[in-house]
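Colleague: Put chains H and D on the given structure of chain V with help from the hints.
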Amino acid sequence: MLAVESLRVTFRRDRAPPVEVLRGVSLTLERGATLGIVGESGSGKSVLALSVIGLLPRNARAEGRVLLDGTDLLTLSERGMRDVRGRRIGMIFQEPMTALNPAMRVGVQIAEGLRVRRGLSRGNARTEALRLLDRVQIPQAGRRIDSYPHEMSGGERQRVGIAIALALEPDLLIADEPTTALDVTVQAGILDILGDLVADLGLSLILISHDLGVIARLADRTLVMHRGAEIEQDATERVLRRPGHDYTRTLIDAMPRRARATLEAGRA
Amino acid sequence: MPDLLAVRNLSRHFTAGGHTIRALDDVSLTLAPGRILGVVGESGSGKSTLARIVMALDRPTHGEVAIAGRNLFALSLRDLRKARRGFQMVFQDPYGSLDPRQRVGRIVAEPLHLLPDAPRGSERRDLIREALRDVGLSPDDIDRYPHQFSGGQRQRIAIARAILTRPRLLVADEATSALDLTVQKKILELILKLRDDHGIAVLFITHDIGVVDEICDEVAVMQDGRLVETGPVRQVLDAPATAYTKRLIAAEPTLAVIGRGARQPASPDAPPHDPPHTVRP
Amino acid sequence: MRRVPATLWIGAALSLLFVGAALLSRVWTPADPTGMNIAARLKGPGEAGLLGADQIGRDVLSIVMAGAWTSLGIALTATAIGGAVGTATGMAAAAGRGGFERAVMAANGVLFAFPPILSAILLGALLGPGAGTAILAIGLFMVPVFARIARGAALQVWSRDFIKAARMAGKGPVRISIEHVLPNISAQIIVQFAIQTGLAILAEAGLSFLGMGVAPPNPSWGRMLSEAQTYLSSAPHLVLAPGLAIAGAVLGLNLLGDGLRDLTDPRRGQAA
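Residue numbers (the UniProt record's numbering), protein chains in the order written: chain V, 1 to 268; chain H, 1 to 281; chain D, 1 to 272.
Since the hints were made in silico from the structure, they are not lab data.
A hint or two may mislead.
Chain D regions said to be covered by chain H (calculated; three or more residues, Cβ under 8 Å) [what the hints assert, rightly or not]: (1) 164 to 171; (2) 175 to 186.
Only part of the chain V face toward chain H is listed, based on derived beta-carbon distances under 10 Å [to be verified]: (3) Ser41; (4) Glu151; (5) Met152; (6) Ser153; (7) Leu182; (8) Asp183; (9) Asp211; (10) Leu240; (11) Leu263; (12) Glu264.
Using N, Cα and C, we set each Cβ at its ideal position, and we do this for glycine too.
Pulled out of the complex, with its shape left as it was, chain V reads as follows:
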């Protein structure tokens, strides 16, 4: 359903030559599949996500093609892109505290898109918001729907972020470091929710992380990126067990030895 073909992104800079932050990256994603994108900071993995949803900063120029069911998103107008965002592609951000409006109750924030974009009445939108909060396993959703973001824990806020991304029933979710700001115990819960959503709703998922442990947990296929270029792309199992590139091996070696040991154990 999603095909990115030799995507190049360059950033114009004042009084300096432009920098190329994506140097021709290609990928395909099937309906219902999960693709992990792993790389260090500066690898271009977040820029890749922003190009797909058309939220690149103004000084960026993208070349290549981003095909969603055959439509090239790079050629769409901003108005056309607005229909894609939310409705076709949902986005989950790293920092749930800044992605949510601190002055709005979470239920209202979830219902906002439902009312504006799907034309639901206030009451229906609230019912739907409640259902979504249940879906992302917020306990006592009926009470929590009227909370403000600051009254929730980091994990709960990220669940709300997922509920908002789900509200317009997109068929592709992009999660950019969704658990990096969270405790490991909370991270596990969030990843499970994402895994369940993909399985139950048949969603496609692009999961971006610097942590192979996070990628390994959910991704069928993995794309390894380094300095704006693709290093390798294959079934996660193959990438982890038989890395085809020294850089992938460096990433695996950087994991704490406990995690690496589990890789060995899995092979035995």
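Modeller: Relative to the frame of chain V, chains H and D by itself:
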């Protein structure tokens, strides 16, 4: 060996809106010279409050912190300042812990303020250049500004500052959490090397069991301001005594199961995975 | 490097014109700004001098230039005093926290609530009108503005980890404020300084208009306006010249401040 750091019955209470929050609740622990003690727990467990009080940046509600046998909170201001050269700190955010307006040389030299007979002029510069070399930077970096460095390099600058007065205790508060894993690995190696070369003891605050396993000798597990378990790393990680420690270990990212196909069905009540079966290389 | 915003260029050009005219007036003006020439009385622009002559035949361009010097002198001195006192109290409030901070900010609130014209009249009654009174009245009015901005900016700096590192080095609040806080808030203070200087020019003109500025025959834009009122219909250039000078100087300094703010705002930088 006598303890370098002894924390005794430490409590720190905050009052907010009529409620008392026990950020630290009767915590006691000790650390011997040249050892690395990991303090692990989730956010809100009180581990950062502990770090701040051990560094005398905050005062406890009850209890005491003794470094080399002297209770920090019984010292006069002048004596506390004298004592400070013996303990320094490395912070989590390498972008927030260096003054963007100062050059590296001035940043690293800051703790020299603690020494009444601190070297001046070229002797001072040599000392700073040596500290930069110690942490794997170039001595010529002395005249550059923080924004010219990567996150990992900036954390090295922060470490150079912390070791300049040759302290015997270093507190690292999530010092590698903001870094890429490849960079984290190198910083952990640097901390181990400083311990081996200079015999510095380290109180390593982290939320990451994998990091604890990597560099710590002992570990203290904290939850809601209390110490729930403490002991040698091997013992605590291989045979955790409390449910909370087990839960922390179970939540670790692991490479044991790959992809959703292999994922076990999740239940919100139970830990999603059994503790990973660890094999030592 | 960042692109310099257009507002900054326009602001800098206007401010430079204003400062340049003020400085030039010390060494050269087209005519003696106090020299009367009854024959040229109320002549329009071009008929007598570039901007015409006033009701007692003085060259308007020369008075406007000399008035720029008066205006600049009072505005800069007042803003410098208000800026220094305000920044110091704001930084002290941020460093002290607790009761001291509340007391400082409460005092600021009271000062801020006092209309500057009223305080100038009170001061004028006490000290008599003159440049010193104008400087004191305007400077006093600047203190809470700078105190508020300095405190807000300083509080942000105090929350950074490098302050904790400085405390680990045994440094006290005064030393930390000077070594770490001030350099990190200076950009915001400089921006505000430009904007407040513009406001000070406006305030000085207002005080002179009411007869509480510098004493005649020292030239002053505000007094020019006040004296020209009578001739508004017969000699409009007498109102327009000082009016435009005031508007241009205030606008220039405001644009300069806004432009500097845009330039120093880190959010303007593109995240790569």
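Colleague: Which constraints among the numbered hints does this structure fail? Numbers only, ascending.
Modeller: Checked against the structure, the hints that fail are numbers 4 and 5, while the rest are satisfied.
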